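First to last, the protein sequences are chains U, E and V. Following the working numbering, the residues of the first sequence are numbered contiguously, the last one being 1378. Following the working numbering, the residues of the second sequence are numbered contiguously, the last one being 1378. Following the working numbering, the residues of the third sequence are numbered contiguously, the last one being 1378.
Keep in mind the hints are simulated off the structure, nothing from the lab. Watch out, some of these pointers could steer you wrong.
Just so you know, same-sequence chains aren't split out, so a pair can sit in one copy or run between any two.
Stated by the list, open to error - Below 25 angstroms or equal to it, Euclidean Cα-Cα: the simulated DSS-like pairs (lysine-lysine) are:
no., residue 1, residue 2
1, Lys1214, Lys1129
2, Lys1129, Lys1184
3, Lys1184, Lys1099
4, Lys1214, Lys1099
5, Lys1100, Lys1214
6, Lys1100, Lys1184
7, Lys1129, Lys1100
8, Lys1099, Lys1129
From a predicted model like this one, the values you see are computed outputs, not experimental measurements.
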Amino acid sequence: MSATSIQLDPQGRLLHFLTVEGLTRRHLTDILDTAESLRGVAERRVKKLPTLHGKTVVNLFFEASTRTRTTFELAAKRLSADVLNLNIATSSAVKGESLLDTLRNIEAMQCDMFVVRHEQSGAAEFMARHVKPHIAVLNAGDGRHAHPTQAMLDVFTIRRHKPDFPHLRVAIVGDILHSRVARSLIHALNILGAGEIRVVAPRTLLPTQVETLGARVFHDPGQGLRDVDVVVMLRLQKERMERALLPSEQEFFQRYGLTEERLALARPDVIVMHPGPINRGVEIDSRVADGPRSVILEQVTNGIAVRMAIMSITLGNHARPAGGTV
Amino acid sequence: MSATSIQLDPQGRLLHFLTVEGLTRRHLTDILDTAESLRGVAERRVKKLPTLHGKTVVNLFFEASTRTRTTFELAAKRLSADVLNLNIATSSAVKGESLLDTLRNIEAMQCDMFVVRHEQSGAAEFMARHVKPHIAVLNAGDGRHAHPTQAMLDVFTIRRHKPDFPHLRVAIVGDILHSRVARSLIHALNILGAGEIRVVAPRTLLPTQVETLGARVFHDPGQGLRDVDVVVMLRLQKERMERALLPSEQEFFQRYGLTEERLALARPDVIVMHPGPINRGVEIDSRVADGPRSVILEQVTNGIAVRMAIMSITLGNHARPAGGTV
Amino acid sequence: MSATSIQLDPQGRLLHFLTVEGLTRRHLTDILDTAESLRGVAERRVKKLPTLHGKTVVNLFFEASTRTRTTFELAAKRLSADVLNLNIATSSAVKGESLLDTLRNIEAMQCDMFVVRHEQSGAAEFMARHVKPHIAVLNAGDGRHAHPTQAMLDVFTIRRHKPDFPHLRVAIVGDILHSRVARSLIHALNILGAGEIRVVAPRTLLPTQVETLGARVFHDPGQGLRDVDVVVMLRLQKERMERALLPSEQEFFQRYGLTEERLALARPDVIVMHPGPINRGVEIDSRVADGPRSVILEQVTNGIAVRMAIMSITLGNHARPAGGTV
Chain U
1053 MSATSIQLDP QGRLLHFLTV EGLTRRHLTD ILDTAESLRG VAERRVKKLP
1103 TLHGKTVVNL FFEASTRTRT TFELAAKRLS ADVLNLNIAT SSAVKGESLL
1153 DTLRNIEAMQ CDMFVVRHEQ SGAAEFMARH VKPHIAVLNA GDGRHAHPTQ
1203 AMLDVFTIRR HKPDFPHLRV AIVGDILHSR VARSLIHALN ILGAGEIRVV
1253 APRTLLPTQV ETLGARVFHD PGQGLRDVDV VVMLRLQKER MERALLPSEQ
1303 EFFQRYGLTE ERLALARPDV IVMHPGPINR GVEIDSRVAD GPRSVILEQV
1353 TNGIAVRMAI MSITLGNHAR PAGGTV
Chain E
1053 MSATSIQLDP QGRLLHFLTV EGLTRRHLTD ILDTAESLRG VAERRVKKLP
1103 TLHGKTVVNL FFEASTRTRT TFELAAKRLS ADVLNLNIAT SSAVKGESLL
1153 DTLRNIEAMQ CDMFVVRHEQ SGAAEFMARH VKPHIAVLNA GDGRHAHPTQ
1203 AMLDVFTIRR HKPDFPHLRV AIVGDILHSR VARSLIHALN ILGAGEIRVV
1253 APRTLLPTQV ETLGARVFHD PGQGLRDVDV VVMLRLQKER MERALLPSEQ
1303 EFFQRYGLTE ERLALARPDV IVMHPGPINR GVEIDSRVAD GPRSVILEQV
1353 TNGIAVRMAI MSITLGNHAR PAGGTV
Chain V
1053 MSATSIQLDP QGRLLHFLTV EGLTRRHLTD ILDTAESLRG VAERRVKKLP
1103 TLHGKTVVNL FFEASTRTRT TFELAAKRLS ADVLNLNIAT SSAVKGESLL
1153 DTLRNIEAMQ CDMFVVRHEQ SGAAEFMARH VKPHIAVLNA GDGRHAHPTQ
1203 AMLDVFTIRR HKPDFPHLRV AIVGDILHSR VARSLIHALN ILGAGEIRVV
1253 APRTLLPTQV ETLGARVFHD PGQGLRDVDV VVMLRLQKER MERALLPSEQ
1303 EFFQRYGLTE ERLALARPDV IVMHPGPINR GVEIDSRVAD GPRSVILEQV
1353 TNGIAVRMAI MSITLGNHAR PAGGTV
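Looking at chain U on its own, in the form it has when it is part of the complex:
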């Protein structure tokens, strides 16, 4: 069974959220529609729903990320769950066996949901495979593999501005090779029937056979950005890159950084996105990041609603009787 199938019950309902790969348009649309209705909660005077009252959500972060952890924590608290934050130093050499021991122990504390971030691809899937049936696992980023809640908040943000997916042109710019964000986003856009998906990067920062994911390759942003509706800039993960791949930040900015001049090539109503945190002057110019076309902070806001939606849906499906055979 693949990561794709492990996350669905026999009726095809989401039990975990590990990857968008292999999900149907219906799965994604359900999440987006639920998130739309939850987005209003944060604007009410009392920003809480009782949905997960009495449930325990564990943030299991083997890779430090205050930012992502915080949005999951807020999403869980706004659904009235109890939240436990466990930051497990990767230094303590988490191998297959001890990852399982960690899992078994927290599971024994009768928690209901694990939000997992890990530097190794497949860690969240490993957990979903081994966890007791009543527990939902959400992937908050695993190695270079996937970051599916980020992809969902990205398409949620796009849909609010550009609902006409068949005619949508999206350019994803930067270090595609090391980016779990890019990988998950390309899958999500394809499932939702986006008209055209472009990746814009130097040859050294592209995975081999990236076209098989369903994206057109551009090396020159002068061409890649032309007439697009959406530009998604990726964060230059300095810590992940070997020196040889890239001469310098200055040169990267020179060739690929999103400036107002480059942005002028896109459609006038283009929106600019970034998973954050941004490197000003490296992949994006401040005038663009803070400019009228940027929806970067909207993405943060939407991220909470989208995570609330995914939490509600997956735990809700656990509560229902399976009603079928595996």
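Given the structure of chain U, go ahead and fit chains E and V onto it with the hints provided.
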């Protein structure tokens, strides 16, 4: 617009709490009276009020302080808010720009209140100036500038023991130069019409023109403590002081440390205060700190009620329609 | 007054939980029966009780332990308490005096319960002795002295599988000398009238006069495990052991490690326990740890119910009028 005016709405109501400087006696009395009514909550069997249910309070600490952070966390939880603790290492070089990025991101998570501690003077004001209108900012200490909630808990504690402010004599002793506590307290005492405010310190630990704050200067505690009603000892911030300012802790204790002998110069019903944590044998003798005149632990208790009051008042004023133009 | 008596009120009711030593069978049975009724809570859809709503529980950990701290945090949250986690680095040289200052300050924040872990024996007792009368202190492990909540979850787990204590044979295997778990468990088993308690260890890992605790000594596991109903393996605390006591982990495993072969000496329905986290291949073989006789993960689950019970009972007794003289 100054820090003073940025914290008020057009009707003069508190929206933020950045500094006591420039506030009216009415503002301070409102806080003290509200704190008085909230002080009883902690003595009830159920120590919670629903005031901030559904609100999110973020403790944004750029400078580590378990103690202060804890009292804000408890204050928020006793008002039923959700609390998020973010300790942001100053090592990651928080400059103007990235402070703003941090602000914008947390703001986008639809939080309602920022409690900010920062080593740079003006950081909380900077945040209040840039934050969205629905968010309240509380200053939990900014550089050498201000620590207004500490000043309020100090005057709250004084008022409970010595309500007759016009006849009150207060001596603040120690490192006035580096103390945001002293600065805020002198302002608060002046606004509330305290009879006489004295600062007692060696020349090297006094700001220039300290008299303009409205305090009388004494270099000799033998004179400065005579007949006072309140002694406020300041913590010797060893880490903040350059060696040249002070020969040794022993010499400081010798010349300024609060001993029983020195305390005998004050009025018989004098109260002894300290913002904590105390350095026993440096600025205060244990017999005084633990003695019958000490109200140091009462200050801690009062700190929670005062912070609950300030949280309730500022967020309450945000909820009301402004009713005027800025 | 000893630790034993300090934890009881004049009517003999539990006010603190510092040690099982000196408690009556009735005290222990009350805890176990309450835990039994609370165990069901974790299996309900809403895993929360309002018992401690409005109370503040402080986890005061001077010794790092994510695992133990987490179970106390969950227990408190499932009883609807507010929880404050304070990890106080032992590096900041916590001496008698400053431990008292820490205590006084947190006490002044009007908390209701302190859960204390400290590397020094007697730390929790010290706190119980100095704390205000309305506060309950729970010992979460103090030096080599005691770990009473662990002992209670151990006997709870045993009772669920082997309720016939008079005919019970329990073997505790490993580093008895440095183990607060062993010490507390021996006391608990004796109080509950367990038929036979054995300690199995090399001479160097046994306290002097261990027999006076009421345990039979075995140096050879071939004899010590024969016909026992329960085997409790202790964690080899590598960090606590001086080199001279033990040649190597391999040799320890060779002589004392619990393998399937050794386990075959015990009764066929033996249960295998371990306080966790386990050192696979050091004190226990993975086939045993993960095998059908292991109840190690049940212990984790039971730990939450037992801690909920102890929290409810001690705070409940604080709420009642003492009704007698001290």
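Hints that the structure is at odds with (numbers, increasing): The structure breaks hints 1, 4, 5; every other hint is satisfied.
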